[in-house]
Amino acid sequence: MIFDRWIEWLPALLEGLGVSLALTGCVALVGLPLGLVFGLLSTHQNRLMRTVFIVFIEVFRGIPLLAVIYLLYFGLPSGGITLTAFVTMVIAHGLNLSAYSSEVFRAGILHVGPGQREAFASLGITQTRGFFHVVLPQAMRAVIGPMMSLLIMVFQSSSLAYTIGVGELTSKAFSIGAMTFQYFDVLALAGIIYAVICIASSRIASNVEERLKTGR
Amino acid sequence: MDMTENRVLLNANSISKSYGANDVLKGISLEVHAGEVIALIGPSGAGKSTFLRCLNYLERPTSGGLTLDGEQVFKNPLNPSKHELVQLRRRVGMVFQSFNLFPHLSVLQNIVLAQTLNGKRSKQEAEEYAMKLLAQVGLPDKASAKPSQCSGGQQQRIAIARALALDPEIMLFDEPTSALDPEIADEVLKVMRDLAETGMTMIVVTHEMRFAERVADRVLLLDRGRILEEGSPEQVFTNPTQERTKTFLQAVLNR
Amino acid sequence: MNGISIETLFSGIGAGLSITVILTVVSFVAGSVLAVPLALARTSHLRVLRWLAIGIIDICRGVPPLVWLLIIYYGISPLIALEPLPAALIGLSLISGAYLAENFRAGIDNVHKGQREAAMALGLTPTHQFWRVVAPQAVNIAMPPSASYAVSLLKDSAKASIIGVADIIFMAQLEVSRGAPAVLVFSIAAVLYLLVGIPLSYFSRYVDSVVRRKVVTV
Ligand SMILES: Nc1ncnc2c1ncn2[C@@H]1O[C@H](COP(=O)(O)OP(=O)(O)O)[C@@H](O)[C@H]1O
Ligand SMILES: [Mg+2]
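Protein chains in written order, with UniProt numbering: chain A, 1 to 216; chain B, 1 to 255; chain C, 1 to 218.
Derived by calculation from the structure, the hints in this document are not laboratory data. Predicted, not measured: the structure shown is a model, and the values here were computed from it. Hints are supplied without guarantee of correctness; some may be wrong.
[Claimed, not checked] Far from chain C, some chain A residues (derived; all Cβ distances over 10 Å):
hint : residue
1    : R5
2    : E58
3    : L83
4    : T170
5    : F184
6    : G191
7    : V196
[Stated by the list, open to error] Calculated cross-link-like contacts (lysine-lysine; reagent style DSS-like; alpha-carbon spacing at most 25 Å):
hint : chain 1 : residue 1 : chain 2 : residue 2
8    : B       : K146      : B       : K123
9    : B       : K146      : C       : K113
10   : B       : K120      : B       : K82
11   : B       : K132      : B       : K120
12   : B       : K82       : B       : K146
13   : C       : K155      : B       : K82
14   : B       : K120      : B       : K146
15   : A       : K213      : C       : K113
16   : B       : K132      : B       : K146
Cβ atoms here follow ideal geometry from the backbone N, Cα and C, with glycine treated the same way.
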């Protein structure tokens with residue numbers, strides 16, 4: 001019975017899932033703050049600054065994550081830098097996420113609109129204070145929904161860590177497949193685990209988004 | 001000039017409509033004679049749109065029946081067949097407050113579409129007829145334009161032409177000028193007045209009291225799902241029987 | 001550097017370009033074809049059909065693309081002897097079918113309610129209401145997000161290299177295994193993706209602006 005085998009494999013896969021989730025968390029820790037910085041710089045008043053960062057973001061968004069992973073994984077050692085596969089993945093994926101999240105932050109900041117800026121300017125509030133007290137909190141609200149979808153994408157793409165042997169869910173499933181030759185059964189189980197988590201969290205995400213929308 | 005004939009064209013018999021516990025129409029009956037123009041007025045939320053939409057079954061009445069030209073429209077009014085619905089709507093034209101022209105089609109195609117799909121005319125005949133109707137509503141040079149390139153008043157006149165293309169026996173108008181500036185509304189009202197003069201049977205939901213006064217043969221005031229006042233424009237506007245009618249008319253005239 | 005010139009690297013890696021383009025184009029087209037019945041079922045008034053479509057779409061999107069490719073190539077293809085390329089095409093088409101179905105569904109839902117009513121009031125049959133009035137506008141609305149999805153599909157196609165499809169990334173790995181410097185090789189690969197992707201995303205923005213102009217109603 002397939003279910004007996006699934007029960008047998010489940011502990012190993014759940015261990016892999018733990019690594020996937022840890023990876024997702026670390027990537028978020030790198031990619032979100034970095035994305036906020038890039039997002040701010042890409043709305044900077046200085047035109048040159050703005051252009052540089054917009055181009056940087058656009059370029060990064062145009063490159064497949066896999067190319068970045070391989071570039072770092074195979075490229076860094078020749079420069080004398082050796083990192084673990086996990087750290088390599090966090091850096092590559094974190095950079096990738098920063099490009100995507102900066103777009104979301106930028107849209108959130110622009111979403112607040114010039115009316116609000118004029119409002120605090122007319123109240124004699126300084127640019128900086130106004131930005132942190134008026135614009136940013138409103139932008140954050142607009143940003144939460146898309147950000148959750150991005151994190152679900154990050155969780156899915158963490159499966160690419162399989163290519164450099166990080167030992168997350170997909171790697172674990174594949175190595176069980178290689179040992180037992182029951183690729184279909186074990187990969188299907190891994191697929192179900194991914195799908196359950198992604199479907200559940202995207203339902204939650206759209207609920208939260210709906211509530212934030214109607215909450216105002 | 002009164003074009004009204006004696007023949008009853010449309011008979012709405014005790015039409016009721018509820019949304020859950022909300023009784024929007026409480027048994028409205030109306031006989032519409034061929035060639036008659038009826039103005040339907042009343043405060044917002046009274047059920048005017050709902051009543052009009054029950055007449056072509058865009059809204060399905062909770063109870064009540066329709067006869068068109070002396071014949072029952074539906075064998076079973078509570079469960080109309082697709083065929084019966086389509087037939088009813090081909091005989092009853094409707095013009096919406098928000099025009100609802102098809103934005104992906106040119107003005108001409110908007111008017112041709114239903115004629116050809118309904119098998120009423122060949123493509124060439126339909127186009128010729130559409131051109132004739134465009135001339136009638138004063139827009140002969142808009143045939144190849146897209147609706148988005150036309151002003152609101154032009155769009156509404158095109159929508160009238162589109163409904164007329166199926167040679168309806170009766171035309172329903174749901175606040176056709178409410179989305180328009182007053183000057184622009186006049187060009188639409190003029191087209192409607194011309195249409196009335198050709199003998200078209202019309203029911204017009206409107207807040208344009210001057211139009212109702214001049215063009216309508218009969219004015220109906222709907223309030224909270226009932227007909228509150230009914231009579232010639234003169235009767236209703238100068239000599240209303242109900243206190244609420246006076247209040248309503250004052251409110252509208254003082255806007 | 002080991003006698004490898006940038007030109008030879010470019011042509012070596014560029015040999016995978018056509019496969020990358022084939023992966024993207026074929027799975028986008030096949031996905032669009034799959035998406036139509038899925039979107040129709042998704043918006044059907046029959047509850048069974050709707051739930052079936054939701055289930056299929058959710059599963060296709062919930063399982064990561066790489067895992068799909070592994071399941072199809074390692075799990076299924078031994079039974080029916082699939083080569084890597086068709087296996088990847090099947091996987092990517094399934095995924096893009098599900099994404100595009102969601103775009104089409106949103107397109108159908110976002111056609112203004114008055115449009116269907118106007119079509120009804122003109123006595124069009126339900127079939128004509130949908131195909132002649134709602135569907136053309138739904139396609140217009142769904143076009144811009146679908147065009148920008150093509151850009152993400154281009155990047156997703158890189159995962160096909162993992163099951164041995166000889167695309168840009170695969171050829172790049174080959175060059176690295178022959179001793180070419182990885183940073184240079186994968187930078188070249190990145191440039192190749194940008195060469196396809198940037199025009200594609202400009203095109204998708206162009207589609208967006210055209211459609212925006214076309215769909216405006218007053
Ligand atoms: N689809 C619907 N669902 C629930 N209530 C509705 C619906 N359509 C109309 N109503 C209610 O019916 C009443 C009459 O609406 P309507 O016919 O549009 O009024 P009018 O056109 O006279 O302004 C309103 O109270 C409105 O809230
Ligand atoms: Mg109304």
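How the hints compare with the structure:
Every CB of chain C is more than 10 Å from the CB of R5/A (nearest about 14 Å), matching its label as outside the interface. For E58/A, the non-interface assignment is contradicted: its Cβ lies about 8 Å from the closest Cβ of chain C, within the 10 Å cut-off. Remark: the non-interface label on L83/A is consistent with the geometry, its nearest Cβ contact in chain C lying 14 Å away (cut-off 10 Å). Separation of T170/A from chain C is inadequate, the least Cβ-Cβ distance of about 6 Å not exceeding the 10 Å criterion.
A beta-carbon of chain C is positioned within 10 Å of the beta-carbon of F184/A; the least distance is around 3 Å. Here G191/A does not stay apart from chain C, with its beta-carbon only about 4 Å from theirs, under the 10 Å limit. Distance to chain C contradicts V196/A as a non-interface residue, since its nearest Cβ pair spans about 7 Å, not more than 10 Å. Under the criterion of a C-alpha separation no larger than 25 Å, the hint pairing K146/B with K123/B is consistent with the structure, at around 19 Å.
A hinted pair counts as satisfied when its Cα atoms are at most 25 Å apart, and K146/B with K113/C qualifies at roughly 20 Å. Only pairs whose Cα atoms come within 25 Å are accepted, and K120/B paired with K82/B is accepted, the gap being roughly 18 Å. For the proposed pair K132/B and K120/B, the alpha carbon gap of about 16 Å is at most 25 Å, so the pair holds. Taking the CA atoms of K82/B and K146/B, the gap is about 31 Å. The hint is violated against a cut of 25 Å.
The suggested pairing of K155/C with K82/B is violated, with an alpha-carbon distance near 48 Å, which exceeds 25 Å. Proximity of K120/B to K146/B is assessed by CA-CA distance (about 24 Å); at most 25 Å being required, the pair is judged to hold. Distance check on the hinted pair: K213/A and K113/C sit about 22 Å apart at the alpha-carbon level, within 25 Å; holds. Proximity of K132/B to K146/B is assessed by CA-CA distance (about 18 Å); at most 25 Å being required, the pair is judged to hold.
In summary, the numbered hints that this structure violates are 2, 4, 5, 6, 7, 12, 13.
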